[in-house]
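Visitor: Listed below are the residues making up each chain.
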Amino acid sequence: MSEPIKTDVLIIGAGPVGLFAVFELGLLDMKTHLVDILDKIGGQCAELYPEKPIYDIPALPKVSAQGLVDALMEQIKPFGPTFHLNEMVTAVERIGDPLFRITTDAGKIFEAKVVVIGAGGGSFQPKRPPIPGIEAYEAQSVHYAVRKMDQFKGKKLLVVGGGDSALDWTLNLAPLASHLTLVHRRAEFRAAPDSVNKMMKLVEEKKIALVLGQVSGLEGAGGKLSAAVVKGNDGAAVNIACDAMLPFFGLTMKLGPVANWGIKLQDELIPVDTEKFETSVPGIFAIGDINTYPGKLKLILSGFHEAALMAQKAHRYVYPDKKLTFQYTTSSTSLQKKLGVN
Amino acid sequence: MAKITYIDSTGASRTAEGDTGATVMEIAIRNNIPGIEAECGGACACATCHVYVDEAWRAKTGEPSPMEEDMLDFGHDVRPNSRLSCQIKITPELDGLVVTTPERQA
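Note that the protein sequences, when read in sequence, are chains A and B.
FYI, this note's numbering numbers position 75 of the first sequence as 75, with every residue one higher than the one before it.
Count along the second sequence from 1, add 1000, and you get the number used in this note's numbering.
These are computed hints drawn from the structure, not numbers from a lab.
Just so we're clear, the structure is a prediction, and the values are computed from it rather than from any experiment.
The beta carbon of each residue, even a glycine, is placed where N, CA and C say it ideally should be.
Certain hints may be false.
To be verified - 20 Å max Cα-Cα, derived EDC-like pairs, lysine to aspartate or glutamate:
1. A:K254 <-> B:E1037
2. A:K231 <-> B:E1069
3. A:K231 <-> B:D1019
4. A:K156 <-> B:D1070
5. A:K127 <-> B:D1070
6. A:K127 <-> B:E1068
7. A:K127 <-> B:D1054
8. A:K127 <-> B:E1037
9. A:K322 <-> A:D29
10. A:K254 <-> B:E1039
11. A:K52 <-> B:D1054
12. B:K1060 <-> B:E1037
13. A:K127 <-> B:D1019
14. A:K52 <-> B:E1068
15. A:K298 <-> B:E1069
16. A:K296 <-> A:E275
17. A:K298 <-> B:E1037
18. A:K224 <-> A:E135
19. A:K52 <-> B:E1069
20. A:K296 <-> B:E1069
21. A:K77 <-> A:E135
22. A:K52 <-> B:D1077
23. A:K337 <-> A:E135
24. B:K1089 <-> B:E1103
What the hints assert, rightly or not - So the derived list for chain B, only partly shown, Cβ under 7 Å to chain A, looks like this:
25. A1059
26. F1074
27. V1078
28. N1081
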């Protein structure tokens, strides 16, 4: 087991609200580490709608979602947060008063005095395609991610989708599989043109098959897939024999492991008070879209406000003996020093 | 104002009214029309407001943009008249528009 990473505050979720929490905590001398399941910083803003303009951030009449993330990164730079991307927090255990041990799916362990859940709509996870009966095959034959390529050696594979994941795995698994069929709805692909060209070359060389259509049903027994029914764009259905199917239908948000940390939940959200935004577990806070309280508005600006108030209470946990004096960044020389402007 | 008729996969029909400039998705959500989920809230970032546009109206609603086509890849039983209802903005000439919701959303 690796040595735990010690920090004042562990923030789960690197969306806009998690990022601003770094700022508010930083002004009060608390060090932060952030864990996010995505491979990039910015949460939904970066993953779902980076180019979309946002019009309701105070003092920013119009800003793209990615622009907002970039500006927040600039703002929190003085506090040097550490990011752990592509990782999901799987467990949070209380081991002190308060002290938490946090474990990620990559096997990393943190010890933090305070945990802040800023997980938005939950963790991004692969989307289950709307194929009737697909659940029955998920344990054995349907895979939403490739952990070990070897498990597909000599298998008849069906890859479904037209984005980068579908194309990348088509190219990587084609040499291993006994037979590979790529199924996509249309002749246009979202994937990088280079991958599309490489895939088309494999089709020309008859190393893989490309079928345009949509998977409308699955056949098999006891959780083992034997064929997929593909409805072609001409309306005719064909059966394609396969041992395994790899559907790549993008990401969706699920609450995920938060449900197992002993925190009180309400309709898939975390109830908090409106003074400190603390959960039912002292020392664990929830800010942004994932929390709920009377009058809650799921706005980024609400999350910013919640981050500021949360930081005040977090300070009492991290520095129980220090008195906190309220200061303004416009006039406080000590805050300006932390920001590196004085 | 325009009247939009939503027919669900069982054939039940509901009509709602909305202002010019609103989207077919927004009108459905405001009027509690079942069969449209709109998980992403209208950002063209999911495919859970998928509808089939009545053939008689296809010319007036137009074709999906490339970004919308990309998202339709995630839909269930996508057909030539498939659209994401968050991408159809109401204009006066769409008064009377008829759309059908699919058996399931993505």
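Visitor: Sort out whether E1068 of chain B lies within 20 Å of K127 of chain A, counting only the CA atoms.
Guide: holds (18 Å)
Visitor: Decide if the proposed pair is consistent with the structure: K224 of chain A and E135 of chain A, CA atoms, cutoff 20 Å inclusive.
Guide: holds (11 Å)
Visitor: Is the hint on V1078 of chain B kept, meaning its closest Cβ partner in chain A is under 7 Å away?
Guide: holds (6 Å)
Visitor: Does K1089 of chain B pair with E1103 of chain B here, judged by a C-alpha cut-off of 20 Å?
Guide: violated (23 Å)
Visitor: Can you confirm whether the C-alpha distance between K52 of chain A and E1069 of chain B stays at or below 20 Å?
Guide: Roughly 17 Å separates the two Cα atoms, so the pair holds.
Visitor: Check whether the Cα positions of K52 of chain A and E1068 of chain B lie no farther apart than 20 Å.
Guide: holds (14 Å)
Visitor: Check the hint pairing K254 of chain A with E1037 of chain B against an upper bound of 20 Å on the C-alpha distance.
Guide: holds (16 Å)
Visitor: With a cut-off of 7 Å, does the beta carbon of F1074 of chain B approach a beta carbon of chain A closely enough for the hint to hold?
Guide: Where the cut-off is 7 Å and the nearest Cβ of chain A is about 5 Å from F1074 of chain B, the hint holds.
Visitor: Is the straight-line distance between the alpha-carbon of K1060 of chain B and that of E1037 of chain B 20 Å or less?
Guide: This hinted pair is violated, its Cα atoms lying about 24 Å apart.
Visitor: Regarding the pair K52 of chain A and D1054 of chain B, is the alpha-carbon distance no greater than 20 Å?
Guide: violated (30 Å)
Visitor: With the threshold set at 20 Å, check whether the alpha-carbon distance from K298 of chain A to E1037 of chain B stays at or below it.
Guide: holds (18 Å)
Visitor: Does E135 of chain A lie within 20 Å of K77 of chain A when you go C-alpha to C-alpha?
Guide: violated (44 Å)
Figure legend: structure checked against the earlier numbered hints; hints not met, in rising order: 3, 4, 7, 11, 12, 13, 15, 20, 21, 22, 23, 24, 25, 28.
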